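> Going down the list, the sequences are from chains W and P. Residue numbers for the first sequence follow the numbering used here, so the first one is 1 and each next one is one higher. Residue numbers for the second sequence follow the numbering used here, so the first one is 1001 and each next one is one higher.
Since the hints were made in silico from the structure, they are not lab data. Possibly wrong hints are sitting among the right ones.
[Said to hold, decoys possible] No more than 20 Å apart at the CA atoms, straight line, and that leaves these computed lysine to aspartate or glutamate pairs for EDC-like:
1) W/K77 with P/D1253
2) W/K114 with W/D124
3) W/K144 with P/D1380
4) W/K53 with P/D1252
5) W/K238 with W/E227
6) W/K238 with W/E221
7) P/K1373 with W/E147
8) W/K53 with W/D172
9) W/K144 with P/D1031
10) W/K107 with W/E133
Remember, predicted model here, so these are calculated numbers, not experimental data.
The chain contents come next:
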Amino acid sequence: MNHLLEVSGISVSFDGFRAINNLSFSIGTAELRAIIGPNGAGKTTFMDIVTGKTRPDEGRVIWGEKSTNLLKLNEAKIARAGIGRKFQRPTVFEDQSVAENLMMALKANRAPWKVLFWRPAPADHARVAALAEQVGLGDSLERKSGELSHGQKQWLEIGMLLAQEPRLLLVDEPAAGMTLAEREQTTALLVDLARSRAVVVVEHDMDFVRRLGCKVTVLHEGSVLAEGSLDHVTSNPKVIEVYLGR
Amino acid sequence: MKPGSLAKNPSVLTFLLVLAVFTLGVTVLSDAYGSGLISTSMVKTLGKTLCLCLIAIAMDLIWGYTGILSLGHFAFFGLGGYMVGMWLMFARTRDIVLSSAGGALPMTPQELSDAIATQIFGVVGTSELPAVWAFAGSLPAQLALVVLVPGILAFVFGWLAFHSRVTGVYLSILTQAMTLALSLYLFQNDSGLRGNNGLSGLQNIPGLEAAGQDALSVWFLWASALALALGYMLASFIVSGKFGSVIRGIRDDEARVRFLGYSVESYKLFVFTLTAVIAAIAGALYYPQAGIINPAEMAPIASIYLAVWVAIGGRGRLYGAVVGAAFVSLVSTWFTGGRVPDLNLGFYTIKWVDWWSVLLGLSFVLVTLFAPKGLAGLVDLAQGLRSPRRGGTPLGPDDGALQEREAVE
Ligand SMILES: Nc1ncnc2c1ncn2[C@@H]1O[C@H](COP(=O)(O)OP(=O)(O)OP(=O)(O)O)[C@@H](O)[C@H]1O
Ligand SMILES: [Mg+2]
Chain W
1 MNHLLEVSGI
11 SVSFDGFRAI
21 NNLSFSIGTA
31 ELRAIIGPNG
41 AGKTTFMDIV
51 TGKTRPDEGR
61 VIWGEKSTNL
71 LKLNEAKIAR
81 AGIGRKFQRP
91 TVFEDQSVAE
101 NLMMALKANR
111 APWKVLFWRP
121 APADHARVAA
131 LAEQVGLGDS
141 LERKSGELSH
151 GQKQWLEIGM
161 LLAQEPRLLL
171 VDEPAAGMTL
181 AEREQTTALL
191 VDLARSRAVV
201 VVEHDMDFVR
211 RLGCKVTVLH
221 EGSVLAEGSL
231 DHVTSNPKVI
241 EVYLGR
Chain P
1001 MKPGSLAKNP
1011 SVLTFLLVLA
1021 VFTLGVTVLS
1031 DAYGSGLIST
1041 SMVKTLGKTL
1051 CLCLIAIAMD
1061 LIWGYTGILS
1071 LGHFAFFGLG
1081 GYMVGMWLMF
1091 ARTRDIVLSS
1101 AGGALPMTPQ
1111 ELSDAIATQI
1121 FGVVGTSELP
1131 AVWAFAGSLP
1141 AQLALVVLVP
1151 GILAFVFGWL
1161 AFHSRVTGVY
1171 LSILTQAMTL
1181 ALSLYLFQND
1191 SGLRGNNGLS
1201 GLQNIPGLEA
1211 AGQDALSVWF
1221 LWASALALAL
1231 GYMLASFIVS
1241 GKFGSVIRGI
1251 RDDEARVRFL
1261 GYSVESYKLF
1271 VFTLTAVIAA
1281 IAGALYYPQA
1291 GIINPAEMAP
1301 IASIYLAVWV
1311 AIGGRGRLYG
1321 AVVGAAFVSL
1331 VSTWFTGGRV
1341 PDLNLGFYTI
1351 KWVDWWSVLL
1361 GLSFVLVTLF
1371 APKGLAGLVD
1381 LAQGLRSPRR
1391 GGTPLGPDDG
1401 ALQEREAVE
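The following block holds chain W by itself, in its conformation from the complex (with noise of 0.2 Å):
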């Protein structure tokens, strides 16, 4: 067995409301898979779960080779192990530039007191500004991020995300607000770096998922109805039902 995250049994409720129903979900090394589903299925939750931001009622989370158990571990820590995540609303520091917002993302050590005395390095301000460049934030670098505009920081949100260099990405609805021209990229990014790492894309727009070409998870009432290629889980009775056929 080569996963890098296994998920296994797991259940939530919100006041006796069963957001994740036994839920169960693995993900290799590197591997890109599209997470599907109607509004309220638990896509987020899900991750949620994973991040550390909601603690599941039962199940399993585990992680890695070393094969830790992520319910023990807070957000931060997670976020350390190289879980990386991208919220379904743009979420960056508004009153900061793109540069410190890139800045803050970038690997290094995150305890305060290194943080309290570690400088930029060329190298750092380097990276920083081709990572700009790839989201196509290049020249914005000392704009506020608050200035941009919706795509332009979630762009923004997705170059943050890199420069975590995350072994596991869950990145929630990254195309909406998105030109065609900017999905299309997006979609080529993502397929690029689950080259190698691992990447969950939850999405609900079809076409996006059909030129991401990979395994699909689709979810309602918080557990999976089907696995699989795309055409596999469309044509799935049930999937039609719930989800295609409205």
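Given chain W, put chain P with the ligands in place with the hints provided.
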């Protein structure tokens, strides 16, 4: 600090320059070293104001930058004052006891300690030296306690509060409760710190009696200015680099900072403890100039005033905090000193001594509503910087996207 970072922060240089000119100016106008245009009591007021500016910097770090509205920093300020006050009172009383014993037989240590205790604690009806005064005879020990006592209190309190993820207004209430508990405790006669009498006579520095108050006041002004300069440089070092980015990130969206792998709790604890220590040092310099400290100084209202100063000055930038503290505390001294003529409205006479807090509260509300950048916003105005006007409906589906009117501009 490296010269490079100074050059990148012209505001630090400007600040140090202004502070140096101010200190020099007061010195040459003082009674002790100059023309005598500024009275000794005014020199003391100015020296105390510098200490208030220092604690305002601490408040700006914890509130303006890290987003934690602490209503407890004046408690740390007071504790710093008590720690240094204990030595001042003990050492001076010891001198008095020894000299009044005159040529009599030398006293045993026990007799000496009892005699001092009777002098100090007579007012609260005891003649035994409480355990907390164990180190009061040693200046280095009490100076270490200035840092250690508030530092450890802040660390323990902060650890408990931050690790249980208390945030926002609940955290403010918790810090206020801590302050209230501490001041109520100190009000008790058996707290070992003379209850509501507090410590007094702190303006007399044992060993320096010969210097006289007019010279001492100038020395304390210098010491306060030096502490303020160092505090300002330290604070600007902290907020300038990646650490500054992280704490501002915590202020704006702490969950996001966690997902970047930063342990938000450790950062908060670090800043909370550090600023408590800065506040304590400011207090240790303040109270020898004030001459007296009592638990009323640490009442929660003092910490609320501190928040008001920083808000009026402009939080989130260091010189804003300094300007706010200096301006508001000096104006407040003027108003509450009873020297402002009453305003006769015919049907009612406004006595400023009573109405000052209303005026202050009103300006706080107005600043918060209409000038969130505070007095420091005037600097932006002068430099022609203006934040983009945000109006119209968002262009993007989410908050924070470019707004229509901006896009047109
Ligand atoms: N913190 C919470 N408290 C209460 N209910 C919650 C909470 N988080 C999620 N839910 C509920 O759990 C369900 C699953 O939500 P989730 O956000 O995971 O859905 P989703 O699949 O991401 O949907 P979308 O496609 O709209 O983003 C929803 O019904 C939501 O209302
Ligand atoms: Mg969602």
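> Hint by hint, note whether the structure agrees.
Hint check:
The hinted pair formed by W/K77 and P/D1253 meets the criterion: a straight-line CA distance of about 18 Å does not exceed 20 Å. The straight-line distance between the Cα atoms of W/K114 and W/D124 is roughly 16 Å, inside the 20 Å bound, and the hint therefore holds. Restraint check for W/K144 and P/D1380: the C-alpha separation of about 16 Å stays at or below 20 Å, so the hint holds. For the hint linking W/K53 to P/D1252, the alpha-carbon distance of about 18 Å falls within 20 Å, and the restraint holds.
The hinted pair formed by W/K238 and W/E227 meets the criterion: a straight-line CA distance of about 12 Å does not exceed 20 Å. Pair hint W/K238 plus W/E221 holds up; C-alpha atoms about 13 Å apart against a cutoff of 20 Å. With a C-alpha separation of about 19 Å, the suggested pair P/K1373 and W/E147 falls inside the 20 Å cut-off, and the hint holds. In summary, the hint linking W/K53 to W/D172 is supported, as the alpha carbons are separated by about 15 Å, within the 20 Å threshold.
Restraint check for W/K144 and P/D1031: the C-alpha separation of about 51 Å exceeds 20 Å, so the hint is violated. Restraint check for W/K107 and W/E133: satisfied, since their Cα atoms lie roughly 18 Å apart, inside the 20 Å limit.
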